[in-house]
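Since chain P is already given, all that's left is putting chain D on it; use the hints.
There are 2 protein chains.
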Amino acid sequence: MKKKTLLTPGPTPVPERALTRMAMPAMHHRHSEFKKVLGEVREGLKYIFQTKGEVIIFASSGTGAMEAAVTNTLCKGDQVLVVRSGKFGERWADICKAYGVNADGIEVKWGSAVKVSEVAAKLKAKAYKALLIQATETSTAVQHPVKEIAELTKGTETLLIVDGVTGVGVFPLPFDEWGIDLLVTGSQKALMLPPGLAFAALSEKAWKACEKSDLPKYYFNFRKELKNLGNNETAYTPAVSLIVGLHEVIKMYKEETLEKVFAENARMAEATREALKAMGLKLFAPESPSDACTAAWTPETVDGAEVVKRIRDVYGYAIAGGQDQVKGKIIRIAHMGYIARYDIIAGIAALEQTLTDLGYKFELGSGVRRAEQVFGG
Amino acid sequence: MKKKTLLTPGPTPVPERALTRMAMPAMHHRHSEFKKVLGEVREGLKYIFQTKGEVIIFASSGTGAMEAAVTNTLCKGDQVLVVRSGKFGERWADICKAYGVNADGIEVKWGSAVKVSEVAAKLKAKAYKALLIQATETSTAVQHPVKEIAELTKGTETLLIVDGVTGVGVFPLPFDEWGIDLLVTGSQKALMLPPGLAFAALSEKAWKACEKSDLPKYYFNFRKELKNLGNNETAYTPAVSLIVGLHEVIKMYKEETLEKVFAENARMAEATREALKAMGLKLFAPESPSDACTAAWTPETVDGAEVVKRIRDVYGYAIAGGQDQVKGKIIRIAHMGYIARYDIIAGIAALEQTLTDLGYKFELGSGVRRAEQVFGG
Chain P
1 MKKKTLLTPG
11 PTPVPERALT
21 RMAMPAMHHR
31 HSEFKKVLGE
41 VREGLKYIFQ
51 TKGEVIIFAS
61 SGTGAMEAAV
71 TNTLCKGDQV
81 LVVRSGKFGE
91 RWADICKAYG
101 VNADGIEVKW
111 GSAVKVSEVA
121 AKLKAKAYKA
131 LLIQATETST
141 AVQHPVKEIA
151 ELTKGTETLL
161 IVDGVTGVGV
171 FPLPFDEWGI
181 DLLVTGSQKA
191 LMLPPGLAFA
201 ALSEKAWKAC
211 EKSDLPKYYF
221 NFRKELKNLG
231 NNETAYTPAV
241 SLIVGLHEVI
251 KMYKEETLEK
261 VFAENARMAE
271 ATREALKAMG
281 LKLFAPESPS
291 DACTAAWTPE
301 TVDGAEVVKR
311 IRDVYGYAIA
321 GGQDQVKGKI
331 IRIAHMGYIA
341 RYDIIAGIAA
351 LEQTLTDLGY
361 KFELGSGVRR
371 AEQVFGG
Chain D
1 MKKKTLLTPG
11 PTPVPERALT
21 RMAMPAMHHR
31 HSEFKKVLGE
41 VREGLKYIFQ
51 TKGEVIIFAS
61 SGTGAMEAAV
71 TNTLCKGDQV
81 LVVRSGKFGE
91 RWADICKAYG
101 VNADGIEVKW
111 GSAVKVSEVA
121 AKLKAKAYKA
131 LLIQATETST
141 AVQHPVKEIA
151 ELTKGTETLL
161 IVDGVTGVGV
171 FPLPFDEWGI
181 DLLVTGSQKA
191 LMLPPGLAFA
201 ALSEKAWKAC
211 EKSDLPKYYF
221 NFRKELKNLG
231 NNETAYTPAV
241 SLIVGLHEVI
251 KMYKEETLEK
261 VFAENARMAE
271 ATREALKAMG
281 LKLFAPESPS
291 DACTAAWTPE
301 TVDGAEVVKR
311 IRDVYGYAIA
321 GGQDQVKGKI
331 IRIAHMGYIA
341 RYDIIAGIAA
351 LEQTLTDLGY
361 KFELGSGVRR
371 AEQVFGG
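First to last, the protein sequences are chains P and D. Per my numbering, the very first residue in the first sequence carries number 1; after that it's consecutive. Per my numbering, the very first residue in the second sequence carries number 1; after that it's consecutive.
Hints are computed from structural coordinates only; laboratory data are not their basis. Just so we're clear, the structure is a prediction, and the values are computed from it rather than from any experiment. A few of these clues could be false.
Which copy is meant is left open, so a pair is good if it fits within one copy or across any two.
Here are the simulated DSS-like cross-link-like pairs (lysine-lysine), alpha carbons at most 25 Å apart as the crow flies [as the list claims (entries may be wrong)]:
# : residue 1 : residue 2
1 : K76       : K212
2 : K277      : K224
3 : K217      : K76
4 : K35       : K309
5 : K87       : K224
6 : K36       : K327
For reference, chain P alone in the conformation it holds in the complex (with noise of 0.2 Å):
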């Protein structure tokens, strides 16, 4: 009987709007009911993606659209460039390598932003086809600097292509007015749906790289989507519940504003900050924080893995921990989605009961004091 709740970077919340909407009886794909719902989204998501282009959808996680990314636009062999700087940097690294594109890294320390300046280093010291990205490393809860990065790349041949699975509708990525080539994002994230959904917006140069593109693909296919997507229909069966589920989310999304999202979310984030610095504790990303979810070291005394059990078990609030090198190292707290900054508030409070119950010494309460301020109550 314990209530529930996730501040996990993913899969967040969903809506009551939406979970009702999903549970209604099933469309037929190709029918004129669902060809309006999907007509509607499809406009929707130019105004999440701040794009005119239009915006694939696939039936997959959002690592399918990351796999389209590298197989629409790039030929074997090519000569790309990848971010390395935690397990998306990596998932990149390894897509590329599955489909024969080389692939050179920039190395970053887990924890940091890559420097633009390494990058624009890089990009003059030889011609890359792409440069490939995350807004946010999730597992790092690092943000990337990629408004910077898309200065560099704007008006040159190397296709900037964006892993945005935490950013799409977290935080600003006006994907036309920073002339981003390709920028992909999945369902279960800042759109509050279950997972099985993934996008992706192109730019003119991008789609002009699909033409060219020798890549062998077939589900994941780009300008096939593109095509159907003019008469309302996809190339394979959607995932239906979930599109209309996104058709009741891009009303919440336009009710508020993309503006005041984006505000909400950074408040939230600085709050929880803020909370976790008056407990005492570190932030693992302090220079470079994401708005999207934030990560912390947990105290030298305390075993990670034992906070994020406990507080999920006992006090009914989902986190998460860390992720490979940093496994049982770091927590992290998600506020995006249909999170509210009550949610995060009683988040808070429920990690400084479970850090009281681990032995950490620090004065109960700081940290869901430090975040109303924050808030400005």
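Relative to the frame of chain P, chain D by itself:
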């Protein structure tokens, strides 16, 4: 306010039990609560596929699992044999082409099943790495003789790869017993769920072929998924809500038993065929009809597209028309998944009214009466 009923061969209606489960708050895919569900789903899929082996799960439409069947078991330049008897046979050929696999075709007239003797002759004439076929060619409502074909490939070097999207859970395709090598399906047909999940069962021979396959792949990777499933996880974020719905659907299958589901589908198929014949319609696939759906020529004086439109818009029953070369010429009615015999009777009544409206002359009520006779009332 008009009530709508789907009698389309995918998507099929979703049971209220599954809709309600899917409307529950989101679970995290790495937490024990979801892992328990996935563990039970793994066992349930073995029951439905009638196999002792693992059934792989992807977040994608059924086409994703078809692509995986090709890219995970074959090598560039392999010779394969494709049964081309409709739109989905063409899909096998297209996927092979996209990955540089050489596909010879057995051309079969639309509305007919492939002849076992012809398959035998082709397999004797040339060494094929795989034979690719549909259990039901959904576009023609033909059921192919998978059992007899499996007897040809069993114990040979040739893999039997079956698209069971319209077959698994509809009629017997006992994977282990028949010696099928690879069987795929999707969530939106007999499994009564929204689209967005794809599945594949593999024989030992198929798993061995996976070790040797040199085709590029990333998201659709059987071996990576097999490894993760052992820990009740998937390699990439799973479509959590659909898997929770599947958990409920598997309970329904177990409560009912596969045997009873198959028998009831066969009875509904027979009733549908007999009803259409009693109304004077000609079956499109009289020799080898599928237990999943039935196709009939529309009367010569009536436009098939008009029938599909009117029965849906005026009477609220969604049936399918013809695709590609039989567009506007046939109608298709599904009888699988969460479609009950009284849905069929009501659907036949709606069809009788529709055809009467469109000027076709026949004895009103003759189809429904015949269906009732088959059901034994």
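Structure-based check of all given hints:
no., hint, result
1, K76 - K212, "both (11 Å within a copy, 21 Å between copies)"
2, K277 - K224, "neither (49 Å within a copy, 40 Å between copies)"
3, K217 - K76, "both (12 Å within a copy, 14 Å between copies)"
4, K35 - K309, "between (44 Å within a copy, 15 Å between copies)"
5, K87 - K224, "between (30 Å within a copy, 17 Å between copies)"
6, K36 - K327, "between (46 Å within a copy, 23 Å between copies)"
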